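Participant: In case you want the letters, here they are:
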Amino acid sequence: METVIRVTLFYVLILLGLRVLGKREFSQLSPLELVTLLLIPELVSQALGREDFSFTNGIIGIATVFTLVFISSLLQHHSQAFSKVVSSSPAVLVADGQFIEENMNKERVGPPEIFSEMHKAGLFELAQVRWAILESDGRIAIIPVNREEMVSPKKVEEQALQ
Amino acid sequence: MEEHGVPQPPDIEKRWVFRTVQKLGVPLIVLIPLLALFGLFGESSRTVSASGAAPALEITYPTRLRYNMTSPLVVSVANISSQPAPTLTVSFDAGYIGTFSDVSFTPSVSEITEEAYLVHLNNVPAGETRQVVVDVHAAQYWAHSGAVTASLGPEQPPAVGLELSTFVFP
Numbered sequence: 000m001e002t003v004i005r006v007t008l009f010y011v012l013i014l015l016g017l018r019v020l021g022k023r024e025f026s027q028l029s030p031l032e033l034v035t036l037l038l039i040p041e042l043v044s045q046a047l048g049r050e051d052f053s054f055t056n057g058i059i060g061i062a063t064v065f066t067l068v069f070i071s072s073l074l075q076h077h078s079q080a081f082s083k084v085v086s087s088s089p090a091v092l093v094a095d096g097q098f099i100e101e102n103m104n105k106e107r108v109g110p111p112e113i114f115s116e117m118h119k120a121g122l123f124e125l126a127q128v129r130w131a132i133l134e135s136d137g138r139i140a141i142i143p144v145n146r147e148e149m150v151s152p153k154k155v156e157e158q159a160l161q
Numbered sequence: 000m001e002e003h004g005v006p007q008p009p010d011i012e013k014r015w016v017f018r019t020v021q022k023l024g025v026p027l028i029v030l031i032p033l034l035a036l037f038g039l040f041g042e043s044s045r046t047v048s049a050s051g052a053a054p055a056l057e058i059t060y061p062t063r064l065r066y067n068m069t070s071p072l073v074v075s076v077a078n079i080s081s082q083p084a085p086t087l088t089v090s091f092d093a094g095y096i097g098t099f100s101d102v103s104f105t106p107s108v109s110e111i112t113e114e115a116y117l118v119h120l121n122n123v124p125a126g127e128t129r130q131v132v133v134d135v136h137a138a139q140y141w142a143h144s145g146a147v148t149a150s151l152g153p154e155q156p157p158a159v160g161l162e163l164s165t166f167v168f169p
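Chains as they are written, first to last, in numbering that gives the first Met the number 0: chain A, 0 to 161; chain B, 0 to 169.
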């Protein structure tokens, strides 16, 4: 019983902590995925290492995490209020070629990071960006003003052959 | 998002739909912490007692343990006769005790045979109770059982006995 309570408390604490820190710390994982990946190795290592916990205790811990993740994902899908608590809303960093400085400061994203994502999308000027959106998982999505503006490796090769 | 003209996703009707593997697997997964919350996988102990013509026996022992857990096994022997007992002998099944590691007896074991660990309690006045505490450390999985008996001396047949059974979760 104690294992279930402890795992649940840590799950909630880590989830809230990641939520408070903000999107940039999530890298490419959602908060639920991240907290699962953080907790499971800890639970398994103690059971594997036979230090203080039995195999049974490790299984109970892992099953508890899986149960919490499943319930969380169900609630996230069916409850908008819960969804807002667990994952933050996307934030617009650039709109119509202009930095939205308030959001950039809130999310601690600087111009070099935005330009880096722009380059990956084949863009080189802010004017080419319709929207740059910081998604809930920490990735920055770049929507160009015109899809024709995006330069793909295939397009570069075609232009070189012409 | 709306204030910057970003189109919002349209809503869909949210329904409770589960794949077959989830219908089968999720209840099993959820069952584990639920059973744990109700203590099914936790440590538990039981007290049993028996009395014969002379010594009465009461034992509190672990019925469920997890691997690597330590628990006490407490045996209370009472001289219920009207005469003092020169020796009361408590015998622990060697097969049962042998399934545990780091076993310590208080008072110490007086004699070890192939079948049993014997603790002699000397000069027990009439009406008095003595205790033998055995700290056991779960070292082998699954069910283990054995008997604890009390007799009026090392050479005497058991006057009273109790069967113990302990389950060790891996």
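One thing to keep in mind: the hints can contain errors.
DEER-style ranges, computed between Cβ atoms [as the list claims (entries may be wrong)]:
#: 1; chain 1: A; residue 1: Leu36; chain 2: B; residue 2: Pro8; range: 34 to 42 Å
#: 2; chain 1: B; residue 1: His119; chain 2: A; residue 2: Ile39; range: 48 to 56 Å
#: 3; chain 1: B; residue 1: Val20; chain 2: A; residue 2: Pro111; range: 43 to 51 Å
#: 4; chain 1: A; residue 1: Ile142; chain 2: B; residue 2: Ile11; range: 21 to 29 Å
#: 5; chain 1: B; residue 1: Pro8; chain 2: A; residue 2: Glu124; range: 23 to 31 Å
#: 6; chain 1: A; residue 1: Leu36; chain 2: B; residue 2: Ser44; range: 34 to 42 Å
Okay, the calculated bits of chain A under chain B, using three or more residues with CB under 8 Å as the criterion [said to hold, decoys possible]:
#: 7; region: 54-60
#: 8; region: 115-121
#: 9; region: 131-141
To be clear, the hints were calculated from the coordinates, so they are not data collected in a lab.
Small disclaimer: the values here were computed from a predicted structure and weren't measured.
Note that the Cβ used here is the ideal one computed from N, Cα and C, for glycine as well.
Participant: Hint by hint, note whether the structure agrees.
Facilitator: Checked hints:
1. Hint check: Leu36 (chain A) to Pro8 (chain B), Cβ distance near 27 Å, so the stated range 34 to 42 Å is violated.
2. A C-beta distance of roughly 52 Å is found between His119 (chain B) and Ile39 (chain A), which places it inside the suggested range of 48 to 56 Å.
3. Judged by the Cβ atoms, the range 43 to 51 Å given for Val20 (chain B) and Pro111 (chain A) holds: they are separated by roughly 45 Å.
4. The hint said 21 to 29 Å for the Cβ distance between Ile142 (chain A) and Ile11 (chain B), and at roughly 22 Å that hint holds.
5. Checked against the hint of 23 to 31 Å, the C-beta distance between Pro8 (chain B) and Glu124 (chain A) comes to roughly 28 Å, which is consistent with it.
6. A beta carbon spacing of about 38 Å between Leu36 (chain A) and Ser44 (chain B) agrees with the range 34 to 42 Å that was offered as a hint.
7. For the region 54-60 of chain A, the assignment as covered by chain B holds, since 5 residues bring a beta-carbon within under 8 Å of that chain's beta-carbons and 3 suffice.
8. Residues of the region 115-121 of chain A lying with their CB closer than 8 Å to a CB of chain B number 0, which falls below the three-residue condition for coverage.
9. Residues of the region 131-141 of chain A lying with their CB closer than 8 Å to a CB of chain B number 1, which falls below the three-residue condition for coverage.
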